[in-house]
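K.L.:
From first to last, the protein sequence lines are chains A and B.
If you're matching positions, the first sequence starts at 1 in our numbering and goes up one per residue.
If you're matching positions, the second sequence starts at 1 in our numbering and goes up one per residue.
To be clear, the hints were calculated from the coordinates, so they are not data collected in a lab.
Everything numeric in this text was worked out from a predicted model, so none of it was measured.
Heads up, a few of these hints could be off.
[What the hints assert, rightly or not] Covered, in the sense of this in silico footprint (three residues per stretch, anywhere, with C-beta under 8 Å from a C-beta of chain A), are these stretches of chain B:
hint, region
1, 38-45
2, 99-110
[To be verified] A few chain A residues facing chain B, derived, Cβ under 10 Å:
hint, residue
3, 27
4, 41
5, 42
6, 48
7, 52
8, 55
9, 60
10, 62
11, 90
12, 92
13, 105
14, 108
15, 112
16, 113
Glycine residues also receive a C-beta, built at the ideal position from the N, C-alpha and C atoms.
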Amino acid sequence: KAGVTQTPRYLIKTRGQQVTLSCSPISGHRSVSWYQQTPGQGLQFLFEYFSETQRNKGNFPGRFSGRQFSNSRSEMNVSTLELGDSALYLCASSVESGTSGAEQYFGPGTRLTVT
Amino acid sequence: TQLLEQSPQFLSIQEGENLTVYCNSSSVFSSLQWYRQEPGEGPVLLVTVVTGGEVKKLKRLTFQFGDARKDSSLHITAAQPGDTGLYLCAGLQGAQKLVFGQGTRLTINP
Numbered sequence: 001k002a003g004v005t006q007t008p009r010y011l012i013k014t015r016g017q018q019v020t021l022s023c024s025p026i027s028g029h030r031s032v033s034w035y036q037q038t039p040g041q042g043l044q045f046l047f048e049y050f051s052e053t054q055r056n057k058g059n060f061p062g063r064f065s066g067r068q069f070s071n072s073r074s075e076m077n078v079s080t081l082e083l084g085d086s087a088l089y090l091c092a093s094s095v096e097s098g099t100s101g102a103e104q105y106f107g108p109g110t111r112l113t114v115t
Numbered sequence: 001t002q003l004l005e006q007s008p009q010f011l012s013i014q015e016g017e018n019l020t021v022y023c024n025s026s027s028v029f030s031s032l033q034w035y036r037q038e039p040g041e042g043p044v045l046l047v048t049v050v051t052g053g054e055v056k057k058l059k060r061l062t063f064q065f066g067d068a069r070k071d072s073s074l075h076i077t078a079a080q081p082g083d084t085g086l087y088l089c090a091g092l093q094g095a096q097k098l099v100f101g102q103g104t105r106l107t108i109n110p
């Protein structure tokens, strides 16, 4: 079974631009979560989508948005990029696993550099 | 404020030694997970612990969930260079929201 894939793997953008990142979950997984990873803040939760609906949202400004399609693929968008948005953006997919918790499978990430 | 505090943040030891990594919080989590991340890759799930006091073993790795479900530890016996990586603990808040610790960067020297 193929793992979580993310495109592109690397991206360089200029301040003020916008960017769209893509995530394809493991087949059969309906939940997709997005995280930002930086050396200073570690891994921080952005948002989670399930069946095309945003179920959870972290403490990020409105410049960060996302969506999920009917095939469970997800995109996240960052508008008006700032230098501080430089980070590794990770996508994770999971199947609802009830009381055992969200066993999430991560993709390799998209390394975004804002200059 | 970090909800999950990991210690130590950095650890460098010789091959064959034992080590313990701690993950502490003032919050209760419904479950806690440990991940390992290598450079250029996403985190890989090692284990999920759900019940207070639970102990799980994965070869030379032993994971323990505190009785109050607020803390956890990872113990590695006879560490090997292949154990090198960033170890992350993550607590589950709500259905699918994981809160991560800052991570422990482990280096095992041959």
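K.L.:
So which hints don't hold here, by number, going up?
P.N.:
3, 7, 9, 10, 15 and 16
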